[in-house]
Amino acid sequence: MKIIMLGAPGAGKGTQAKMIADKYSIPHISTGDIFRANIKEGTELGQKAKTYMDKGLLVPDELVVDLVVDRVQKDDCAKGYVLDGFPRTIPQAEALDAALAKLNDKVDYAINVEVPDENIIKRMSGRRACVACGATYHIVHIPTKVEGICDRCGAELILRDDDKPETVKKRLDVYHDQTQPLIDYYTNSGILKEVDGTVDMKDVFAAIIDILGE
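Here the sequence shown stands for residues 1 to 214, numbered as in this note's numbering.
Worth flagging that the hints you see were computed from the coordinates, not collected in a lab. We put the CB at the ideal spot given by N, CA and C, even for glycine. Be a bit skeptical, because a hint or two may be false.
Stated by the list, open to error - Derived DMTMM-like pairs: lysine to aspartate or glutamate, alpha-carbon spacing no greater than 25 Å straight-line:
id, residue 1, residue 2
1, 164, 147
2, 122, 151
3, 23, 108
4, 18, 54
Said to hold, decoys possible - Computed spacing ranges between beta-carbons, pair by pair:
id, residue 1, residue 2, range
5, 89, 116, 21 to 29 Å
6, 101, 32, 24 to 32 Å
7, 102, 78, 12 to 20 Å
8, 177, 77, 26 to 34 Å
9, 44, 146, 51 to 59 Å
10, 32, 153, 38 to 46 Å
All chains should be modelled from the sequences, with the hints used to inform the complete structure.
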């Protein structure tokens, strides 16, 4: 069961990817984790990626695909995997498909967690983070006992720059420009499945399980 998770920043796809991985006992794979693991282990691919990252440059698509394909050939991926945050663009998707085809392999499902932009902006701008211990809250969904004060350590909570409406809007614009075309790509491939990400997290997960089967 090879799955790609799609969805805008803040749609909750990472949470769902972890829950899928736990249920089906398959790895939850993000490109960030792959980069860190390869750099830590000092692999040839990791060293190549590090030269770009040290210069503040984006790692080229070809190298990212090599890293992902290397990861999904590991023993723990024998039953499948959940790719979270990759591919992000059509060239990455095409390169991934081509690389997997050489291994007589392919992606089974691309699951899009669909949430309107206004919901995401509202959801993310309600987040609050503790300046001291890093705990995170939400003014609606996970409120603190005392407004603006961390339950865990009593320090002040802030709205992070990443969660400010104007920043979220910019990230969504980039997402729609780069990643939205993947919806069409995977629709044409016949593997796209969409779930409503505006409902409760457990209901989103139940809808995904309906698609994947027990």
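Kindly confirm whether 24 to 32 Å is satisfied by the beta carbon distance between residue 101 and residue 32. 26 Å, holds
Has the hinted range 38 to 46 Å been met by the Cβ atoms of residue 32 and residue 153? 27 Å, violated
With a cut-off of 25 Å on the C-alpha distance, tell me whether residue 23 and residue 108 pass. Holds, at about 17 Å.
Compare the distance between the alpha carbons of residue 122 and residue 151 with 25 Å, and conclude whether the hinted pair is satisfied. 23 Å, holds
Just tell me: holds or violated, for the beta carbon distance of residue 44 and residue 146 against 51 to 59 Å? With Cβ atoms ~52 Å apart, the hint holds.
Is the hinted pair residue 18 and residue 54 satisfied, with a Cα-Cα distance of at most 25 Å? 29 Å, violated
For residue 102 and residue 78, compare the CB-CB distance with the range 12 to 20 Å and indicate the outcome. Roughly 18 Å apart at Cβ, these two residues keep to the hinted range, so it holds.
Compare the distance between the alpha carbons of residue 164 and residue 147 with 25 Å, and conclude whether the hinted pair is satisfied. 18 Å, holds
Is 26 to 34 Å respected by the C-beta to C-beta distance linking residue 177 and residue 77? 31 Å, holds
With 21 to 29 Å as the target window, see if residue 89 and residue 116 comply at their CB atoms. 22 Å, holds
Of the hints listed earlier, those the structure fails to meet are numbers 4 and 10, in rising order.
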